[in-house]
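Peer 1: Here is what each chain is made of, one letter per residue.
There are 6 protein chains.
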Amino acid sequence: MTMPSDAGEVRGPADGLAIPRFAGPPTFARLPRLDEVTRCDLAIVGVPFDSGTTYRPGARFGPAAIRQGSKLLRPYNPAQDTTPFHSVQVADAGDIACNPFHIQEAIGQIDAGVQALLGSVRGVLALGGDHTIALPMLRAVHHRFGPVALVHFDAHLDTWDTYFGAPYTHGTPFRRAVEERLLLEDRGVHVGVRGPLYAATDLTDDRALGFEIVRATDFDQVGPAVILERIHRRVGDVPMYVSVDIDVLDPAHAPATGTPEAGGLTSRELLALLRGLRGLRVVSADIVEVAPAYDHAEITAIAAAHVAYELLSVLALPNL
Amino acid sequence: MTMPSDAGEVRGPADGLAIPRFAGPPTFARLPRLDEVTRCDLAIVGVPFDSGTTYRPGARFGPAAIRQGSKLLRPYNPAQDTTPFHSVQVADAGDIACNPFHIQEAIGQIDAGVQALLGSVRGVLALGGDHTIALPMLRAVHHRFGPVALVHFDAHLDTWDTYFGAPYTHGTPFRRAVEERLLLEDRGVHVGVRGPLYAATDLTDDRALGFEIVRATDFDQVGPAVILERIHRRVGDVPMYVSVDIDVLDPAHAPATGTPEAGGLTSRELLALLRGLRGLRVVSADIVEVAPAYDHAEITAIAAAHVAYELLSVLALPNL
Amino acid sequence: MTMPSDAGEVRGPADGLAIPRFAGPPTFARLPRLDEVTRCDLAIVGVPFDSGTTYRPGARFGPAAIRQGSKLLRPYNPAQDTTPFHSVQVADAGDIACNPFHIQEAIGQIDAGVQALLGSVRGVLALGGDHTIALPMLRAVHHRFGPVALVHFDAHLDTWDTYFGAPYTHGTPFRRAVEERLLLEDRGVHVGVRGPLYAATDLTDDRALGFEIVRATDFDQVGPAVILERIHRRVGDVPMYVSVDIDVLDPAHAPATGTPEAGGLTSRELLALLRGLRGLRVVSADIVEVAPAYDHAEITAIAAAHVAYELLSVLALPNL
Amino acid sequence: MTMPSDAGEVRGPADGLAIPRFAGPPTFARLPRLDEVTRCDLAIVGVPFDSGTTYRPGARFGPAAIRQGSKLLRPYNPAQDTTPFHSVQVADAGDIACNPFHIQEAIGQIDAGVQALLGSVRGVLALGGDHTIALPMLRAVHHRFGPVALVHFDAHLDTWDTYFGAPYTHGTPFRRAVEERLLLEDRGVHVGVRGPLYAATDLTDDRALGFEIVRATDFDQVGPAVILERIHRRVGDVPMYVSVDIDVLDPAHAPATGTPEAGGLTSRELLALLRGLRGLRVVSADIVEVAPAYDHAEITAIAAAHVAYELLSVLALPNL
Amino acid sequence: MTMPSDAGEVRGPADGLAIPRFAGPPTFARLPRLDEVTRCDLAIVGVPFDSGTTYRPGARFGPAAIRQGSKLLRPYNPAQDTTPFHSVQVADAGDIACNPFHIQEAIGQIDAGVQALLGSVRGVLALGGDHTIALPMLRAVHHRFGPVALVHFDAHLDTWDTYFGAPYTHGTPFRRAVEERLLLEDRGVHVGVRGPLYAATDLTDDRALGFEIVRATDFDQVGPAVILERIHRRVGDVPMYVSVDIDVLDPAHAPATGTPEAGGLTSRELLALLRGLRGLRVVSADIVEVAPAYDHAEITAIAAAHVAYELLSVLALPNL
Amino acid sequence: MTMPSDAGEVRGPADGLAIPRFAGPPTFARLPRLDEVTRCDLAIVGVPFDSGTTYRPGARFGPAAIRQGSKLLRPYNPAQDTTPFHSVQVADAGDIACNPFHIQEAIGQIDAGVQALLGSVRGVLALGGDHTIALPMLRAVHHRFGPVALVHFDAHLDTWDTYFGAPYTHGTPFRRAVEERLLLEDRGVHVGVRGPLYAATDLTDDRALGFEIVRATDFDQVGPAVILERIHRRVGDVPMYVSVDIDVLDPAHAPATGTPEAGGLTSRELLALLRGLRGLRVVSADIVEVAPAYDHAEITAIAAAHVAYELLSVLALPNL
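The listed protein sequences correspond, in order, to chains A, B, C, D, E and F.
Counting from 1, position 128 in the first sequence corresponds to residue 127 in numbering that gives the first Met the number 0; the numbering is continuous, with no gaps.
Counting from 1, position 310 in the second sequence corresponds to residue 309 in numbering that gives the first Met the number 0; the numbering is continuous, with no gaps.
Counting from 1, position 221 in the third sequence corresponds to residue 220 in numbering that gives the first Met the number 0; the numbering is continuous, with no gaps.
Counting from 1, position 311 in the fourth sequence corresponds to residue 310 in numbering that gives the first Met the number 0; the numbering is continuous, with no gaps.
Counting from 1, position 262 in the fifth sequence corresponds to residue 261 in numbering that gives the first Met the number 0; the numbering is continuous, with no gaps.
Counting from 1, position 189 in the sixth sequence corresponds to residue 188 in numbering that gives the first Met the number 0; the numbering is continuous, with no gaps.
To be clear, the hints were calculated from the coordinates, so they are not data collected in a lab.
Warning: the hint list may mix true and false statements.
Have a look at the derived ranges for each label pair, beta carbon to beta carbon [as the list claims (entries may be wrong)]:
no., chain 1, residue 1, chain 2, residue 2, range
1, F, Ala17, E, Arg232, 40 to 48 Å
2, A, Ala199, C, Ala17, 49 to 57 Å
3, A, Arg32, D, Val225, 30 to 38 Å
4, D, Asp217, B, Gly278, 34 to 42 Å
5, F, Arg180, D, Glu211, 55 to 63 Å
6, D, His101, B, Ala207, 54 to 62 Å
7, A, Ala224, F, Gly164, 43 to 51 Å
8, B, Arg180, D, Leu16, 47 to 55 Å
9, C, Ala17, B, Gly278, 41 to 49 Å
10, F, Ala17, A, Ala199, 56 to 64 Å
11, D, Arg214, B, Ala224, 26 to 34 Å
12, E, Asp204, B, Ala207, 53 to 61 Å
13, A, His142, C, Ala17, 30 to 38 Å
Which bits of chain F does chain E cover? Going by a derived footprint, with three or more residues having C-beta under 8 Å, they are [unchecked claim]:
no., region
14, 13 to 25
15, 58 to 72
16, 91 to 103
Computed list of chain B residues with no C-beta within reach of chain C, every gap over 12 Å [stated by the list, open to error]:
no., residue
17, Lys70
18, Thr200
19, Leu202
20, Arg280
21, Ala296
All C-beta atoms, glycine included, are put in the ideal place defined by N, C-alpha and C.
Construct all of the structure, not just a fragment, from the sequences and the given hints.
Peer 2: Here's what the structure looks like:
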């Protein structure tokens, strides 16, 4: 669809040789703000909302932490041999202000905010916030692109029905998305699932909703390449959305999250998987559940920033 | 009213010479659980609710942290020359389960839970939780005791009207309490207020609601004794409620809280004030806003546990 | 031997949909206390003892930390396709109070406490505490089951003789156990051993005591499946005890321990090994050396809670 | 001199009732950026430079931390009964990029950057950075206002001569300033000095340079009011500069600093002193030496943000 | 007795202008090791023992932490106008190795080690370790100087009798010292006592042992000068020992300790008290109960290092 | 060349059975100081310099932290079946004092200090400090051994040209080393490289300087054995230098470093690689970029200590 920008007119990050990385713009990767560029291909937007959290709250501070953890990101991505910040115009759109006391109002605000962005850019990367925000992201994506495939990295299924009577929480976005027909049928896959469940029916319910599961323990047998083959086969050649819950990583690699589960992926495994999404038609994405009060030395924030960087690298490719 | 229990039948905390303080019951101060005693005078109850928080969330883990921080509390209080755990029966009633996704439902659950307790005990000490919980505490207290005076230790007024359209948050409980006529007129006092406000009208509005303010900076001129005189004069000889927001302490003394303000009280000043409430007719109390994800070495939890201990010591006195 | 309980009468954990996981009972996995059930198959017991520690102390706070880290554990274990908390009655027996100033007295208290439990339950999972506690565990197990095989996950051999003249420390339990004939001959295996030793004779001495060693570096060559084959071959079809020192994990996965060594297992590897013990006749187990003062964001406590969960899942199986 | 702005045209901070304080602009106190306002009275500027540090480095991350710690600052200052963000236009000018590898080049860059700002605003508040930056601040202030008085809050004198042969470090700015005649004679005062020195001559040398010393221990005898009287008498009715090294606070109140000394001021004492500068002709100021890698729960950053707020409140007054 | 050394021959700390403070000798205050000097007046010795701890262990790492926290100490003490490291020879004697598994053996080792030191130096400053070590310190001091007065800074009395049957723990040293007639009658004073006790008899028992108590709350009424008058009157003109438990400080000022109690002294108050001991005949001293696993940014270690510095400053005076 | 010392005369570490590991000498691995031995084969030296750092400073405290993290290292290395501290004399030479304010002067001081050491020992292991120190290390090594091969473990290439005009920083040592002909041609290899770069030319420039790159992602395909084969083939039978930047590890394994990049090696992988250097002619080495202000529970310091231990084990071998 959209052609990559003419590199000549793209405004990249602040120059690390002129402005030290500990100084300068507080945007993601020191990129320009959206209001500083005349046109934009990819927008990064913070969604500081965590009122859908069931255990440790604090992901409302996630966008600020991921931006702070992104200061060392440089323009050339050798792992993908691309320059995502130069091949297209990427900009930081700031935060969407949303109501911490009314989940549904907040969901509406996020949907509206992302729809507005998708009116002028070709893809959005959301920095959460808790996983509740994936639902309004998918609504806005659906509004622009129609139903999409879903590749979902997470320790959890997030297809529960309700929690304390609430239909919209960080444990339910993908069930709601199926019910609202935001997703293409049988094109969804959870990757990295592990940890105890409420009941065996959690798995059968999830399957009935049309999802496939790649468990964290599958990585004990096979490498990322085999997993990626399953993902590619599942998704095929349709527009897709990528949702990354940072708790897909082991707590050693991502202590700062709301519902941590032992036995997760390493950051190297996750980055390999994200890079392997090349060739798929990723239209938008999120990275969620970074709760910085639990972080140490920015371990989690840095991992999330690298996740965002690889997602942007994939989003920056001409998507067929 | 209620006579102190006959000391002979009271069950006190687990014996620190038989069960090391790092072992044993996980109750507040190693006291018996409510279900372990046949009668009870004072109940401690956890209220793990923080969905009314406007900045740093996490006070939902407050009750667990305060209990953990209370392990060193011993039975004899030399500062008041009393044995609060032996003069009356004190017990830990566990937590009130409340809905993190519906503030008003949660308020109802807390009100109901505390009313139930006050049906059989003479006083309740709530371990928060954010300050939203003071409203249902006051409702339940009102149901049992009628309108009460209020002594409120806090960096903030907590008499704002709404926040993001929400009438029930941790910044509004005392305005709601006035509107609901839960408080006696002109018997309320905030102690320790400091930090920037939205506008000068915050102060006049608060005054119009019938509150008096003792600022943190007042402590630069006069000691606790003078402040206590003001409090006693304000409250007089009526039933009263004490609400302690841990952020009344300086962040050095209470880092683990949701809306910290520099320039606060020391823990020694606060404890002196609480001990000085002797002679007032305290009927119930709370200690709120401990957000342990921000704590270090239990500084805040230990301060809150000592606050709770002094409140219990006052509550344990025959209240006239 | 013991048949699994009739599921109908089993009391499982507090319901996460009725009582938020940040509220509710402070027991392991929110299970009932031992005094709340009329019968019990498996008991979890805290052993807060760390006076046998040679470097960083603090494992006395381990049981409290592991319980706090276990709040997210749900009843269905998809990795083993079992419901350990429903197929048998599991309950939390609280802590064994033991003397921090007399190691041998403490060992006697632990032995007595566990023997008492094993008089009415079919298996015990101990939450340490330092590794000293494995000796009284093995004594009590021997009293009930006779000599057993040992699968021991640890960075260290723990078969030293004495330390500063003391025969009972966290570095010596398995030498003592051999000397006391608590173990079956040639049925012991250490898994995950690494790090510098005093001398090459440490290895030959250990072998002379009848142990086999699986080194951490063995995992560089082969996966958990191959290691498990070695373990199964070693142990065979006899009653066995599992002892897990959390320092078998890399410090990245378990910072909060007393004698950390770089180059350890990941939590995913360890959980895979524990699940692979299915089919062996595990009669009791421990998880030790969690020293929470060194933890961050509960990384270690959560890993230990998952270890405990997988051990309970194996213990809950009908053991042949 | 400069008249306060007509309040009607002033742009204040982002509205906390529309944009949650954990969202929104990453500027100091959520104020507008300098490029967002058409005119500006007071500029806040970050100076992320710490290559002059002799012990713990890291103040290069100070500006980002102070801005993050300033999110709760509201527009009305009840302690001074002023609305600093509405009575004049205050804006955040971002960071001055300066060379971390050449101290003198960096000093030149800071001087130039602040001079440029002082060409269009009437006062600058610098967020350090280490104390080296006070020298270029004073150079730029001198360029605009001529020589000034100095009120310097610090545990240290910062009038050493050289360190490892280097004349420009965080321990020497005020000796250099005297030598360069940037300061008015006998109008300088250090407040809060404490801790061991190299020799008694440190004190006599300092006195010879024209400084008076208020020791931290003086606060044991007298309150802020008496100290303020000394300061006012010392400074009188001349233009003055205020330099606040956060290590004037006790490490309990400001752990995150480079050369901490026990026995310091409380944040309440410091804020009282700063408010008491009202009536003096403050023309510019700095708050330095916040090294956030050593912070916990933003204790230091919040204290520094409040220091900045009180300084801005004084700077915002019509200065005679 | 001993005359101060001729300053000409004294070897002071490593020069901070030649060897950066983050480099150089790992001794206390960068002083010479005992084996580097030909004669010595005052010896600093580490006593890394914490097996007498009843709650949080870890003071075994105290000596290393206090030394690390002492790097900024310079030779001239302006608060006492003395140069303790130049007026006499002070040296770091390293650590006394003592058995962590046998309290009484350890006590014997400490006694022997300190006696050996006191054979050649005139005073010893011990860096603990838990408070158990005060007993062998007093035994060695008694061996050299006969019975002494005691000034004891602590939140606790430390005159309990036994704990879990153990007569030698960190809660009992001063009762044992009285029983062993190591102390002069009616010349002992506890300063800073606060927090709950087991029973009112704790106070009467303590008084019967001959101690006077200055409570932490006494500081609310009077300043250090008045307290010091009480201390001087109590002690008079006899040889005395000073024991400082760092928990005399509020947890805000000393989080890293084993049995923290809210409501303590500030570091400024404690340092004022220690300086006020001038004129008393201090013969040896200790600073104990620093448990660095609970420290943050060295707050506690720095406070303890300053305590040690003021104690050395007093010890360095010609003691009459 | 140099023959291993006669084991009979070697002085090893302090005995862990006589002096607890939390007590005793503060040297690396409790080894003797250089001044305590009459001859020495391998010297460990601290180089506390971090003024070449571009992002998070603090590696100046690295030597102290690595020494503290080395206390558990015992004499026998089972992974290499060697006793490095007994087969040759290893000693701790303390720190090289170098000027934090003049990078080139500091480089000269380090060069001189290491040359002096290499005048009497056969190999040096430097504990950094930032990566700038590799240049003076290579200069001193070149002075003694002539040009060498380089095996460089790092997330980064460290062959940039200048930064802010400065030719000597932690990002440039190996370009300078090539320019100064300190390295053998085509014998250099970077291992573990990952993360974004400035431009694709970073890679081609590096290749033009004669380096080969083993990327972190290569470890996804092949194990350490294959990587080692590449390294051995590259280096061959010439004298070589090993430089280990701790950021080659994933931030989970080494949070405490200046420029962390997600997706790194595990400590187990790195230790396997270092052990596999056996058979190569390692003449000296460094371990750099440990910035302890960002460490937690010594995770990074312990990993670095193990790195140092394996390097010493290789250095202790008779090198052909």
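Peer 1: Does each hint hold? Answer for all of them.
Peer 2: Tested hints:
Range check, F:Ala17 to E:Arg232: about 47 Å between beta-carbon atoms, so the 40 to 48 Å window is met. Checked against the hint of 49 to 57 Å, the C-beta distance between A:Ala199 and C:Ala17 comes to roughly 20 Å, which is inconsistent with it. The given range of 30 to 38 Å is broken by A:Arg32 and D:Val225, whose C-beta atoms sit roughly 49 Å from each other. As the Cβ distance of D:Asp217 to B:Gly278 is approximately 37 Å, the hint placing it in 34 to 42 Å holds.
Between F:Arg180 and D:Glu211 the beta carbon distance is about 58 Å. The supplied range of 55 to 63 Å therefore holds. Between D:His101 and B:Ala207 the CB atoms are about 60 Å apart, so this pair conforms to the stated range of 54 to 62 Å. In this structure the hint that A:Ala224 and F:Gly164 lie 43 to 51 Å apart at CB holds, the actual value being about 44 Å. Taken as a hint, the range 47 to 55 Å is violated for the pair B:Arg180 and D:Leu16, whose Cβ atoms sit roughly 27 Å apart.
Checked against the hint of 41 to 49 Å, the C-beta distance between C:Ala17 and B:Gly278 comes to roughly 42 Å, which is consistent with it. Restraint check, F:Ala17 to A:Ala199: a C-beta distance of roughly 57 Å satisfies the suggested window 56 to 64 Å. Evaluation of the 26 to 34 Å hint for D:Arg214 and B:Ala224 yields a pass: the beta carbon distance comes to about 28 Å. Between E:Asp204 and B:Ala207 the CB atoms are about 55 Å apart, so this pair conforms to the stated range of 53 to 61 Å.
At roughly 37 Å, the beta carbons of A:His142 and C:Ala17 sit within the given window of 30 to 38 Å. With a threshold of 8 Å between beta carbons, the proposed coverage of the region 13 to 25 of chain F by chain E holds, since 8 of its residues qualify and at least three are required. Counting residues of the region 58 to 72 of chain F whose beta carbon lies closer than 8 Å to any beta carbon of chain E gives 6, which meets the minimum of three for the stated coverage. A count of 6 residues in the region 91 to 103 of chain F with a Cβ less than 8 Å from any Cβ of chain E is obtained; the coverage claim is therefore met, three being the minimum.
Some Cβ of chain C comes within 12 Å of the Cβ of B:Lys70; the nearest lies about 9 Å off, and the non-interface call is violated. Every beta carbon of chain C lies more than 12 Å from that of B:Thr200, the smallest distance being close to 37 Å; the non-interface claim holds. At roughly 36 Å from the closest C-beta of chain C, the C-beta of B:Leu202 stays outside 12 Å, upholding its exclusion from the interface. Every CB of chain C is more than 12 Å from the CB of B:Arg280 (nearest about 31 Å), matching its label as outside the interface.
Look at B:Ala296: its CB is around 8 Å from the nearest CB on chain C, not clear of 12 Å, so calling it non-interface is violated.
When each numbered hint is compared with the structure, violations occur for hints 2, 3, 8, 17, 21.
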